[in-house]
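Novice: Chain L is already provided as a structure; the job is to place chain U on it using the hints.
So the sequence lines, in the order shown, correspond to chains L and U.
Following my numbering, the numbering of the first sequence begins with 61 at its first residue and continues without gaps.
Following my numbering, the numbering of the second sequence begins with 320 at its first residue and continues without gaps.
The set of hints was computed from the structure by calculation and includes no laboratory data.
C-beta: ideal position from N, C-alpha, C; glycine also.
Possibly wrong hints are sitting among the right ones.
Straight-line distance between alpha carbons at most 27 Å, and here's what the computed DSSO-like set of lysine-lysine pairs gives [as the list claims (entries may be wrong)]: (1) L:Lys-82 with L:Lys-103; (2) U:Lys-449 with U:Lys-428; (3) U:Lys-420 with L:Lys-172; (4) L:Lys-115 with L:Lys-148; (5) U:Lys-428 with L:Lys-108; (6) L:Lys-115 with U:Lys-471; (7) U:Lys-468 with L:Lys-163; (8) L:Lys-163 with L:Lys-148; (9) L:Lys-159 with U:Lys-471; (10) U:Lys-471 with L:Lys-148; (11) L:Lys-172 with U:Lys-428; (12) U:Lys-449 with L:Lys-173; (13) L:Lys-172 with L:Lys-159; (14) U:Lys-449 with L:Lys-115; (15) U:Lys-428 with L:Lys-159; (16) U:Lys-420 with L:Lys-108; (17) L:Lys-108 with L:Lys-148; (18) L:Lys-159 with L:Lys-103; (19) L:Lys-103 with U:Lys-471; (20) L:Lys-103 with L:Lys-115; (21) U:Lys-471 with L:Lys-163; (22) L:Lys-108 with U:Lys-471; (23) L:Lys-163 with U:Lys-428; (24) L:Lys-103 with L:Lys-172; (25) U:Lys-471 with U:Lys-420; (26) L:Lys-159 with U:Lys-449; (27) U:Lys-420 with L:Lys-103; (28) U:Lys-449 with L:Lys-148; (29) U:Lys-449 with U:Lys-420; (30) L:Lys-148 with U:Lys-468; (31) U:Lys-471 with U:Lys-428.
In silico contact screen, one side only, chain L against chain U (beta carbon under 8 Å); selected entries [said to hold, decoys possible]: (32) Met-68; (33) Ile-70; (34) Leu-109; (35) Ala-110; (36) Tyr-111; (37) Val-146; (38) Lys-148; (39) Leu-161.
Residues per chain, in single letters:
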Amino acid sequence: MQRFYEVMFIVRPDVADEDLDKLIAGLEQTVTNGGGAVRSTEKLGRRKLAYTVRKFNDGNYILLTIDAGGPLVAELERRLRVSEPVIKFITVRMDEEDKRLAKVRAIRATRKKLSAIPVPAEPPAPAEPASTPAAAPAETATPAGA
Amino acid sequence: MGKHETIPGSMPGFVSGHDFSRAVSGAKSTGLQPLRFCRINQVHGPRSAPAGRKKEMPDETTNAPAPRSESRPDAPQGRPAGPGGRGPGGPGGRKFFRRRKVCKFCTEKIDAISYRDVRLLQGFVAERGKIVPRRLTGVCTTHQRRLAKAIKQARNIALLPFAAGF
Numbered sequence: 061m062q063r064f065y066e067v068m069f070i071v072r073p074d075v076a077d078e079d080l081d082k083l084i085a086g087l088e089q090t091v092t093n094g095g096g097a098v099r100s101t102e103k104l105g106r107r108k109l110a111y112t113v114r115k116f117n118d119g120n121y122i123l124l125t126i127d128a129g130g131p132l133v134a135e136l137e138r139r140l141r142v143s144e145p146v147i148k149f150i151t152v153r154m155d156e157e158d159k160r161l162a163k164v165r166a167i168r169a170t171r172k173k174l175s176a177i178p179v180p181a182e183p184p185a186p187a188e189p190a191s192t193p194a195a196a197p198a199e200t201a202t203p204a205g206a
Numbered sequence: 320m321g322k323h324e325t326i327p328g329s330m331p332g333f334v335s336g337h338d339f340s341r342a343v344s345g346a347k348s349t350g351l352q353p354l355r356f357c358r359i360n361q362v363h364g365p366r367s368a369p370a371g372r373k374k375e376m377p378d379e380t381t382n383a384p385a386p387r388s389e390s391r392p393d394a395p396q397g398r399p400a401g402p403g404g405r406g407p408g409g410p411g412g413r414k415f416f417r418r419r420k421v422c423k424f425c426t427e428k429i430d431a432i433s434y435r436d437v438r439l440l441q442g443f444v445a446e447r448g449k450i451v452p453r454r455l456t457g458v459c460t461t462h463q464r465r466l467a468k469a470i471k472q473a474r475n476i477a478l479l480p481f482a483a484g485f
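Chain L on its own, in the form it takes in the complex (with noise of 0.2 Å):
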């Protein structure tokens, strides 16, 4: 049962690239370790704090998102919460915000299809990969019928 987290963390603004990425590293580790994946790794720089925090007033913001079980990430937070260089943490639980998401976005795709049918001047998109198999057939009708 793999849920899909969000791990944003804030390094401290004086520890060196390379650190940094032995950090990282050593982070994405534990998670594969864990049997957890790691989908992807975002550096997003240096960053100016709304507040002060432990004394700092900017950090290096870096962006986990991962495959994981439950205790995994326990693990992943104990670790992230005794590292000298992270200063603060979050995960948040991004599946079923997903799940949520992808509803939305079928529901809204076999709408616009169904509305798109009457029109003969078709928007130029004729190969579009999202289109559910009901609305492939209207799709290819329309190029034909103009």
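Specialist: Same frame as chain L, but now just chain U:
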């Protein structure tokens, strides 16, 4: 002279051209005549002036509305939103309600309100960092709840301040 007073709203107080002449002639009555004309003007005053409403704005919005207007250039419905923003649900003393503000997220079909897009969130946060109530921004309930959650997450990760401005 008296009969003109009994018909207050009548613009045929232009008949009062007569009165003027009489006023000019009578030295003491000149003091009285302008008063009567002022009263007639007052009847029309509050109805016409939206400027009167603007004075109430500082009472409603204690924080600067500037950040909110910047982020929504595509909603030119005007900011003066009184308490009856979303409908006549309890006007609270105001006789007529503002034009209904629409939820920005519903119209623009923004599904996901992430804590990461600070620009979007800043449009719903006041100058001091407080979350703006939905009666002022016109956001619908579901989106306001998600928005609030996202703002609180952003505050935790130092993307937005808890309290700012002083």
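Novice: A separate judgement is required for each hint: does it hold in the structure or not?
Specialist: Hints, verified against the model:
Only pairs whose Cα atoms come within 27 Å are accepted, and Lys-82 of chain L paired with Lys-103 of chain L is accepted, the gap being roughly 13 Å. With a CA separation close to 25 Å, the supplied pair Lys-449 of chain U and Lys-428 of chain U stays within the 27 Å bound. For the hint pairing Lys-420 of chain U with Lys-172 of chain L, the CA-to-CA distance comes to about 26 Å; that is within 27 Å, so the pair holds. Pair hint Lys-115 of chain L plus Lys-148 of chain L holds up; C-alpha atoms about 12 Å apart against a cutoff of 27 Å.
Between the alpha carbons of Lys-428 of chain U and Lys-108 of chain L the distance comes to roughly 30 Å, so the proposed pair goes past 27 Å and is violated. Taken as a hint, the Lys-115 of chain L and Lys-471 of chain U pair is honoured in the structure, with Cα atoms around 22 Å apart against an allowance of 27 Å. Restraint check for Lys-468 of chain U and Lys-163 of chain L: satisfied, since their Cα atoms lie roughly 21 Å apart, inside the 27 Å limit. For the suggested pair Lys-163 of chain L and Lys-148 of chain L, the alpha carbons sit about 33 Å apart, so the restraint of at most 27 Å is broken.
Of the pairs offered as hints, the one joining Lys-159 of chain L and Lys-471 of chain U holds, with about 22 Å between alpha carbons and a cut-off of 27 Å not exceeded. With a C-alpha separation of about 15 Å, the suggested pairing of Lys-471 of chain U with Lys-148 of chain L holds against the 27 Å cut-off. Pair hint Lys-172 of chain L plus Lys-428 of chain U holds up; C-alpha atoms about 13 Å apart against a cutoff of 27 Å. The hinted pair formed by Lys-449 of chain U and Lys-173 of chain L fails the criterion: a straight-line CA distance of about 42 Å is larger than 27 Å.
Proposed proximity of Lys-172 of chain L and Lys-159 of chain L is supported: the alpha carbons are some 20 Å apart, at most 27 Å. With a C-alpha separation of about 24 Å, the suggested pair Lys-449 of chain U and Lys-115 of chain L falls inside the 27 Å cut-off, and the hint holds. Between Lys-428 of chain U and Lys-159 of chain L, the direct Cα distance comes to roughly 17 Å. Compliance with the 27 Å bound is thereby established for this hinted pair. In summary, the hint linking Lys-420 of chain U to Lys-108 of chain L is not supported, as the alpha carbons are separated by about 34 Å, beyond the 27 Å threshold.
Pair hint Lys-108 of chain L plus Lys-148 of chain L holds up; C-alpha atoms about 14 Å apart against a cutoff of 27 Å. Taking the CA atoms of Lys-159 of chain L and Lys-103 of chain L, the gap is about 26 Å. The hint holds against a cut of 27 Å. For the suggested pair Lys-103 of chain L and Lys-471 of chain U, the alpha carbons sit about 22 Å apart, so the restraint of at most 27 Å is met. Pair hint Lys-103 of chain L plus Lys-115 of chain L holds up; C-alpha atoms about 22 Å apart against a cutoff of 27 Å.
Between Lys-471 of chain U and Lys-163 of chain L the alpha-carbon distance is near 26 Å, which keeps this suggested pair within the 27 Å criterion. With a C-alpha separation of about 18 Å, the suggested pairing of Lys-108 of chain L with Lys-471 of chain U holds against the 27 Å cut-off. Of the supplied pair hints, the one linking Lys-163 of chain L and Lys-428 of chain U holds, its CA atoms being roughly 14 Å apart against a limit of 27 Å. At most 27 Å may separate the alpha-carbon atoms for a hinted pair to count; Lys-103 of chain L and Lys-172 of chain L exceed this at roughly 36 Å.
For the proposed pair Lys-471 of chain U and Lys-420 of chain U, the alpha carbon gap of about 24 Å is at most 27 Å, so the pair holds. Of the supplied pair hints, the one linking Lys-159 of chain L and Lys-449 of chain U is violated, its CA atoms being roughly 31 Å apart against a limit of 27 Å. The hinted pair formed by Lys-420 of chain U and Lys-103 of chain L fails the criterion: a straight-line CA distance of about 38 Å is larger than 27 Å. Between Lys-449 of chain U and Lys-148 of chain L the alpha-carbon distance is near 22 Å, which keeps this suggested pair within the 27 Å criterion.
For the hint pairing Lys-449 of chain U with Lys-420 of chain U, the CA-to-CA distance comes to about 20 Å; that is within 27 Å, so the pair holds. For the given pair, Lys-148 of chain L sits about 18 Å from Lys-468 of chain U by alpha-carbon distance, which is consistent with the 27 Å threshold. Our distance criterion of 27 Å between C-alpha atoms is met by Lys-471 of chain U and Lys-428 of chain U, whose separation comes to about 22 Å. For Met-68 of chain L, the interface hint holds, since its Cβ comes within 8 Å of a Cβ in chain U; the closest pair sits about 6 Å apart.
At about 7 Å, the closest approach between the beta carbon of Ile-70 of chain L and any beta carbon in chain U falls short of 8 Å, and the interface hint on this residue holds. The interface hint given for Leu-109 of chain L is met, as the beta carbon of that residue sits about 4 Å from the closest beta carbon of chain U, less than 8 Å. For the restraint placing Ala-110 of chain L at the interface with chain U, the shortest Cβ-Cβ distance is roughly 4 Å, inside the 8 Å limit, so the hint holds. Residue-level restraint check for Tyr-111 of chain L holds (minimum Cβ-Cβ distance to chain U is 5 Å; threshold 8 Å).
Given hint, Val-146 of chain L at the interface with chain U, is violated; its Cβ is 12 Å from that chain's nearest Cβ, farther than 8 Å. For Lys-148 of chain L, the interface hint holds, since its Cβ comes within 8 Å of a Cβ in chain U; the closest pair sits about 6 Å apart. This hint holds: Leu-161 of chain L has a C-beta 5 Å from the nearest C-beta of chain U, less than the 8 Å allowed.
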